[in-house]
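Just so you know, the protein sequences line up as chains A and B, in that order.
Start counting the first sequence at 1; every next residue gets the next number (our numbering).
Start counting the second sequence at 104; every next residue gets the next number (our numbering).
Note that these hints are calculated values from the structure, not bench results.
You may find that some hints are simply not true.
Stated by the list, open to error - Each computed PhoX-like pair below joins lysine-lysine, with the alpha-carbon atoms no more than 25 Å apart:
#, chain 1, residue 1, chain 2, residue 2
1, B, Lys170, B, Lys119
2, B, Lys119, A, Lys83
3, B, Lys186, A, Lys64
4, B, Lys170, A, Lys16
5, B, Lys167, A, Lys100
6, A, Lys83, A, Lys16
7, A, Lys100, B, Lys186
8, B, Lys167, A, Lys16
9, A, Lys67, A, Lys16
10, B, Lys119, B, Lys186
11, A, Lys100, B, Lys119
12, A, Lys83, B, Lys186
2 protein chains.
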Amino acid sequence: MNPEPFLQLDRVIHEKGRLAILSLLAATPELSFTEMRETLGMTDGNLTTHIRILQEAGYISITKSYKNNRPLTTCSLTTAGRKAFAEYINLLEQIVLQTKNLK
Amino acid sequence: MNPEPFLQLDRVIHEKGRLAILSLLAATPELSFTEMRETLGMTDGNLTTHIRILQEAGYISITKSYKNNRPLTTCSLTTAGRKAFAEYINLLEQIVLQTKNLK
């Protein structure tokens with residue numbers, strides 16, 4: 001077994017909540033906080049924490065605006081986030097292939 | 104995006120050190136503590152902690168014996184561990200496929 005793909009897994013992305021958030025954002029230009037919370041079934045606190053960590057890593061950008069006089073927070077993947085996520089998924093694929101070949 | 108595969112990821116297996124350990128054990132009937140530590144480049148303390156968590160989950164069994172008058176600790180995957188690991192890898196595969204389909 002080659003341990004490299006495991007060692008290279010980005011810890012920021014590997015946490016399963018953040019992996020779900022990035023997968024969601026990779027599929028669309030932007031999403032509101034509310035849409036993400038409902039799709040993922042997360043609490044406000046959990047989603048807020050994960051979003052902060054992803055923003056600090058430079059993987060997502062956050063826009064605060066107003067819609068119908070109500071505050072609206074939207075998130076989108078940055079270029080760096082898209083690149084890091086693609087690399088992470090490539091590593092997962094190597095891990096899956098390496099493991100399936102054992103059978 | 105279907106969030107189910109993310110939600111179902113087993114936290115015991117998802118930690119990247121433990122994922123590497125299980126992948127290693129899935130490829131062989133048993134491995135000594137020393138072989139695992141050297142292949143994975145882990146510290147004694149790290150490997151010991153991960154092994155304890157995997158044992159408590161019922162995913163690996165540990166055998167202590169002697170070889171050339173020196174204590175020898177070996178680990179192997181249990182039937183439950185093999186099943187849980189196969190399910191986890193299937194979920195990873197779904198995540199990879201789901202994400203690749205976005206491109």
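Against the structure, the hints come out as follows:
1. Lys170/B with Lys119/B: With a Cα-Cα distance of about 31 Å, the restraint between Lys170/B and Lys119/B is violated, given a limit of 25 Å.
2. Lys119/B with Lys83/A: holds (20 Å)
3. Lys186/B with Lys64/A: Not OK: Lys186/B and Lys64/A at ~45 Å, beyond 25 Å, violated.
4. Lys170/B with Lys16/A: violated (41 Å)
5. Lys167/B with Lys100/A: Distance of about 30 Å is beyond 25 Å: violated.
6. Lys83/A with Lys16/A: Distance of about 18 Å is within 25 Å: holds.
7. Lys100/A with Lys186/B: holds (13 Å)
8. Lys167/B with Lys16/A: Status violated; Cα separation ~34 Å.
9. Lys67/A with Lys16/A: Distance of about 31 Å is beyond 25 Å: violated.
10. Lys119/B with Lys186/B: Distance ~18 Å between Lys119/B and Lys186/B Cα, so the pair holds.
11. Lys100/A with Lys119/B: holds (18 Å)
12. Lys83/A with Lys186/B: violated (33 Å)
Going through the hint list in order, the structure does not satisfy hints 1, 3, 4, 5, 8, 9 and 12.
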